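Chemist: The whole structure should be built from the sequences, with the hints applied where relevant.
Protein chains: 2
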Amino acid sequence: MSVSTSGAAAGQLTRAEAIRDAALTLFAERGFRATTMNDVARAVGVRAPSLYNHVRSKHELLREIMVTTMDELIQGFHAAVATTCDRVEQLRRATEAHVRYHTRHRREAFVGSREIPSLKPGARRVILDKRREYSMLFRDLIDRGAKEGVFVVRSPRLVAYAILDMGIGLAAWFRPDGPCTEEELAQSYGQFALRLACRGPF
Amino acid sequence: MSVSTSGAAAGQLTRAEAIRDAALTLFAERGFRATTMNDVARAVGVRAPSLYNHVRSKHELLREIMVTTMDELIQGFHAAVATTCDRVEQLRRATEAHVRYHTRHRREAFVGSREIPSLKPGARRVILDKRREYSMLFRDLIDRGAKEGVFVVRSPRLVAYAILDMGIGLAAWFRPDGPCTEEELAQSYGQFALRLACRGPF
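Chains A and B, in that order, give the protein sequences.
Number 205 marks the last residue of the first sequence (this note's numbering); no jumps.
Number 205 marks the last residue of the second sequence (this note's numbering); no jumps.
Keep in mind that the hints were calculated from the coordinates and are not lab data.
If you're wondering where the values come from, they're calculated on a predicted model, not measured in any experiment.
Ideal Cβ positions, reconstructed from N, Cα and C, are used throughout, including at glycine.
A hint or two may mislead.
Stated by the list, open to error - Under 8 angstroms between C-beta atoms, here's a sample of chain B residues computed to sit facing chain A:
#1 His57
#2 Val58
#3 Trp176
As the list claims (entries may be wrong) - Once the Cα atoms are required to be at most 16 angstroms apart in a straight line, the calculated EDC-like pairs of lysine to aspartate or glutamate come out as:
#4 Lys123(A) - Glu32(B)
#5 Lys133(A) - Asp143(A)
#6 Lys123(B) - Glu32(A)
#7 Lys150(A) - Asp89(A)
Modeler: This is the structure in structure tokens:
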């Protein structure tokens, strides 16, 4: 499957990182339920029992992958908006960060949008809270801009969802060797976000 | 899982329809690989061997679900644009149709975006062709509008993808009993499509 670009290709990983990377690829390719710890062990080239020196369980791998994903997205938003006080530029840069994350982390996007039901209740609550936090960051930014008269929207919530979903969606079709570079996508989607938030003819 | 609203609740289904409906729910909840024909039989309340009077295989169920989904989306587009010659209205109505489909067929959206890799090569080619056809319908409409000066876009392809992905995305969070009705969503996303395609300040 084409989302499964391995992080291992990028350089030397520690054993724990290699396990997480192999699990991420398998979860993206086959789904969490259909992946066994034996599959993960085989992909890393170790025997299954020795996996447990590095990780507690298959569920723990999933939880860690999904927490890291959401934490990186949230950090990316804060870093992007901190670079300017201009609301329009903040929305553009936050969208660009969102897009860049999804072009670079297609496996995480795939697993994140699919495996919520595979999480145990406690972990699911944590992830759903982080997802809510992330979407609220966009929503509040649009809401503030609307109150200042910079943005003109009927529903900051729906505009936030539209921006997030169009970014998440590209993880399914973007190819690093395709007709569009990450840079072009970030610029285009940054413009899309501003078109969605600012009054034009519609 | 909340996408698994059963079509069976809507009325009396034939046995074949009930099997397809149960399979759709299970594929959406657990994924194709983790679902067995025994699971499907149990959900319909029959013994596994009798399933095969109605359906050839689990793969055949998946193929049929995904073909029907794409055919309905493509028909929905044609029906929507046939109602007017105005490009702006065509894009609005095609987007509304796309959104309505995804609020009503959340299980199909979930399975469709996730299970492409589970299809056998022949079926996968058919589905990928239909997906390409569907996205080309939006792209060509935007392209024609751009050539006529109605739309102002850098890339009709990316605008088409953004519109499609924001509609597909809502299948993951829309709830019939949530704060937004299907009608409000269709109207809002129709406006979003026009904002993406028409020149405003950005």
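Chemist: Does each hint hold? Answer for all of them.
Modeler: Here is what the structure says about each hint:
no., hint, in the structure
1, His57, "violated, 25 angstroms"
2, Val58, "violated, 21 angstroms"
3, Trp176, "holds, 7 angstroms"
4, Lys123(A) - Glu32(B), "holds, 15 angstroms"
5, Lys133(A) - Asp143(A), "holds, 15 angstroms"
6, Lys123(B) - Glu32(A), "holds, 15 angstroms"
7, Lys150(A) - Asp89(A), "holds, 14 angstroms"
Checked against the numbered hints given earlier, this structure breaks hints 1 and 2; the rest are met.
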